[in-house]
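As a plain string of letters, each chain reads:
Number of protein chains: 2
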Amino acid sequence: MNSITTATYSVHFNENAYLALNDHLANSNYSKIFVLVDENTHNCCLPVFMSHIEGEYDFEIIEIEAGEIHKNIATCTQVWEVLSELDADRKSAMINLGGGVVTDLGGFVASCFKRGIEFINIPTTLLSMVDASVGGKTGVDLGPLKNQVGVINQPQMVLVATEFLKTLDQRQLQSGYAEMLKHGLISDASYWDTLKEITGFEKLDKLIYTSVSIKNEVVQIDPTEQHLRKTLNYGHTLGHAIESHFLESEEHDLLLHGEAIAIGMILEGFLSYKLTGLSKNELEDIKKTFLARYPKTSFTKKDIDMILTLLKFDKKNSHGNINFVLLKSIGKTAIDIKVTPELLKESFSYYAE
Amino acid sequence: MNSITTATYSVHFNENAYLALNDHLANSNYSKIFVLVDENTHNCCLPVFMSHIEGEYDFEIIEIEAGEIHKNIATCTQVWEVLSELDADRKSAMINLGGGVVTDLGGFVASCFKRGIEFINIPTTLLSMVDASVGGKTGVDLGPLKNQVGVINQPQMVLVATEFLKTLDQRQLQSGYAEMLKHGLISDASYWDTLKEITGFEKLDKLIYTSVSIKNEVVQIDPTEQHLRKTLNYGHTLGHAIESHFLESEEHDLLLHGEAIAIGMILEGFLSYKLTGLSKNELEDIKKTFLARYPKTSFTKKDIDMILTLLKFDKKNSHGNINFVLLKSIGKTAIDIKVTPELLKESFSYYAE
Chain F
1 MNSITTATYS VHFNENAYLA LNDHLANSNY SKIFVLVDEN THNCCLPVFM
51 SHIEGEYDFE IIEIEAGEIH KNIATCTQVW EVLSELDADR KSAMINLGGG
101 VVTDLGGFVA SCFKRGIEFI NIPTTLLSMV DASVGGKTGV DLGPLKNQVG
151 VINQPQMVLV ATEFLKTLDQ RQLQSGYAEM LKHGLISDAS YWDTLKEITG
201 FEKLDKLIYT SVSIKNEVVQ IDPTEQHLRK TLNYGHTLGH AIESHFLESE
251 EHDLLLHGEA IAIGMILEGF LSYKLTGLSK NELEDIKKTF LARYPKTSFT
301 KKDIDMILTL LKFDKKNSHG NINFVLLKSI GKTAIDIKVT PELLKESFSY
351 YAE
Chain G
1 MNSITTATYS VHFNENAYLA LNDHLANSNY SKIFVLVDEN THNCCLPVFM
51 SHIEGEYDFE IIEIEAGEIH KNIATCTQVW EVLSELDADR KSAMINLGGG
101 VVTDLGGFVA SCFKRGIEFI NIPTTLLSMV DASVGGKTGV DLGPLKNQVG
151 VINQPQMVLV ATEFLKTLDQ RQLQSGYAEM LKHGLISDAS YWDTLKEITG
201 FEKLDKLIYT SVSIKNEVVQ IDPTEQHLRK TLNYGHTLGH AIESHFLESE
251 EHDLLLHGEA IAIGMILEGF LSYKLTGLSK NELEDIKKTF LARYPKTSFT
301 KKDIDMILTL LKFDKKNSHG NINFVLLKSI GKTAIDIKVT PELLKESFSY
351 YAE
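Chains as they are written, first to last, in our numbering: chain F, 1 to 353; chain G, 1 to 353.
Warning: the hint list may mix true and false statements.
Given that identical chains are not distinguished, each listed pair holds provided it fits within a single copy or across any two copies.
[Claimed, not checked] Taking lysine-lysine and the DSS-like style, the derived pairs with C-alpha atoms no more than 30 Å apart in a straight line are:
#1 Lys230 x Lys287
#2 Lys312 x Lys91
#3 Lys206 x Lys274
#4 Lys302 x Lys203
#5 Lys166 x Lys274
#6 Lys166 x Lys332
I should point out that these hints are in silico values taken from the structure, not numbers from a laboratory.
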């Protein structure tokens, strides 16, 4: 499978991935190489990763606790302190081996350590392969607010090794699949149709490649999120607020990112039907597709009020306005759409129907 | 006084400064404008600043505690939380009004908030005017380690309004003057001679302009500190370690940054005499100049051991080597010079003589 080239680095797949990495390490003369893992990837992925490394390197392994709840400044500070203790310098590098928490946090830690050291991302979840492998977004949460602190900075390379997908349970695969469905909704109706038809997650390689390609095209046209890149936030305005609310709430179990944006895509589908011309049939198709794959969640009136309050922290907002990305049709988007609170509440009623 | 143009922004002086700021604010359509101050600049500088602002803006004032000891991630987190509470969005801007702590920390906070909002620096100390106004270095300390966490990111503009120097005591003025003397040592022997001759700090405007110009030339040639920009670290390798040690130590009073690098410049002058051809006369000139202006400090054997231990955290290090910037002569530098521990100890003996 060919590598995908972004503005500044390449995403290498499977058989090419470790060839590229071994070549890069052999030619980089890093003073030290740190591998950031969480408890899960330490056990399941690190041995696999190590088995592919040629040459002798004294990797230093840094483990953080798994889970979105640890994607915060306190964890960053711990990693910065460990890097200092282990004599990391500006010529050191960090390899982030894990899901979105590890790659988002690790990218931010590396970007700020001594004002920036090089880093390489090896996403191990479907979600991070299709979502975090392109675009250079790094960051951590601030309390319940997702990715409130971070920078845009590019890795040296990204490796997509789909063998790691074997370490994931069905729920985690579903979570990543939601982002792939989003790629269909925002840019390619036939890709949406293809994705809807798959019945299992055994043969994902080509689809992952398509998703990474779609995201790369969008980011290359608009790296700083002035217009087209905003479309990648479809389902995320409400999805992030729902995810944040469930992270804080004691009455709800945590939602995985893909589960939260699956709900967000139904809700914002309804808004699209009301405001930007999405047809009734397409709306029903979106709702049916997601509800067949993701558990239906109940929202109390209080939940909805709190979710709508959290919307004001969305990073696309400006001047007090909440800006939505909506669909004109499947595969076509409209950006910077304002929505009234009444219609937002109506979207939750439609979801509950 | 003409503005100095860097690669991406301008440094405006005195009569031009507020003209440029008022013009910029009027044309920027920021959703909110935050002014970051510390306790001191809140009292002494904010009223002066406000008196120059034309137009109606609801500035939100954020105050942090004064002092290097508060230039850390905990303070950043507090400011990020306040920004979130006050509904800052990506179209908001931050004006950092203060010394190096406020501009370094404020620049870092702005660079990471929602992955980056615009910021403007208004240095109010002599040190931050001549040192922090050019180069885009932002960051905070990690425990005793100076500027261990940060990014390189440029402000929208920098205003140098020398009227703020009236708010400083003699010791703070001396601290900034040390950086100016460094500019002479690393690039211009006649500027060094001019600076040595001044007897008071009443007429600094032209000298500040010269210092900012020197730093700007260096940074424009080497923005990412591969070679020439390293020369700005003259006196800082040992100076930072001394500053860090005194920050941690209960037996010593705090040293201001300029006081610490003044010692560092004598010590590294001695190393230059031993290793890179600085003449005996020039070394004596450097020692005499700094000791006439900065209090002589006593170092115990234990102090020296701890300072040498801290050297390993210097950001110019790589592959376990400590890299010094030394002088070939006054006005001419040599970079990436390795020094033995024995010679480092000898430099402290020379300082104590």
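Quick rundown of the hints versus the structure:
1. Lys230 x Lys287: within (22 Å within a copy, 59 Å between copies)
2. Lys312 x Lys91: between (40 Å within a copy, 14 Å between copies)
3. Lys206 x Lys274: Cα proximity of lysine 206 and lysine 274: none, with 35 Å in one copy and 64 Å across.
4. Lys302 x Lys203: This pair counts as neither: shortest intra-copy Cα distance 42 Å, inter-copy 64 Å.
5. Lys166 x Lys274: neither (41 Å within a copy, 61 Å between copies)
6. Lys166 x Lys332: Answer is neither: 34 Å inside a copy and 60 Å across each miss the 30 Å cutoff.
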